[in-house]
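Model the placement of chain U on the given structure of chain B, informed by the hints.
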Amino acid sequence: KQEVTQIPAALSVPEGENLVLNCSFTDSAIYNLQWFRQDPGKGLTSLLLIQSSQREQTSGRLNASLDKSSGRSTLYIAASQPGDSATYLCAVGGQGAQKLVFGQGTRLTINP
Amino acid sequence: NAGVTQTPKFRILKIGQSMTLQCTQDMNHNYMYWYRQDPGMGLKLIYYSVGAGITDKGEVPNGYNVSRSTTEDFPLRLELAAPSQTSVYFCASSREVFAEAFFGQGTRLTVV
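Protein chains in written order, with our numbering: chain B, 1 to 112; chain U, 1001 to 1112.
Isolated chain B (complex conformation) (with noise of 0.2 angstroms):
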């Protein structure tokens, strides 16, 4: 059974910061991995979707590596902002399972 950990629970940084949010899964016989936003009392919002045959995936300041030899995914903030605050989830989809398997999310807060 797939399982996702997603370290640390909660980050706070100062503004300006760079910063990487980790994710980890026990299974690396993956699809894809995707990495949400979660805003409080929101939806969830999709940041970047990785193939199992990619290494990385950028957008604007964010940058999000796969490595499924170790199983581990990483996400890459630049140059963080208030407006950066926010829940960050990662989800993997499994070879023949028709889900994602989601971490409990890092709560973000990047502070002025």
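Hint data in this document are derived by calculation from the structure and do not stem from the laboratory.
Keep in mind that the hints are not guaranteed to be accurate.
[As the list claims (entries may be wrong)] List of simulated lysine to aspartate or glutamate pairs, DMTMM-like, C-alpha gap at most 25 angstroms:
#1 B:Lys-42 / U:Asp-1026
#2 U:Lys-1044 / B:Glu-3
#3 U:Lys-1009 / U:Glu-1072
#4 U:Lys-1057 / U:Glu-1072
#5 B:Lys-42 / B:Asp-27
#6 B:Lys-1 / U:Glu-1100
#7 B:Lys-42 / U:Glu-1072
#8 U:Lys-1014 / U:Asp-1026
#9 B:Lys-42 / U:Asp-1073
#10 U:Lys-1057 / B:Asp-27
#11 U:Lys-1009 / U:Asp-1073
Note that the structure is a prediction, hence the values are computed from the model and not measured.
Frame of chain B, contents of chain U only:
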């Protein structure tokens, strides 16, 4: 550009009552999903559908039912509500099984 729309946004139910959470998408996606999110936990899949007339159970289906009579709509039915069903419910859709997932804004349900 509505995307995935869920109604209602909030609901309080008494134990034993029933209700239907509505979900509709306007992106002509074949795949639709229902998740629940409990505090501090990741999302757990309740039911999913791969197309009109086809549904299947996810990780936590007990106490719920779904139907998919059209591509656009995927309602979730709660029968005999229990306090354990207090949660935030999210509907999602995707074009293919592991394509980018689009989420609704969620329904916050409290069973008292």
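Legend entry - List of violated hint numbers, smallest to largest: 5, 8
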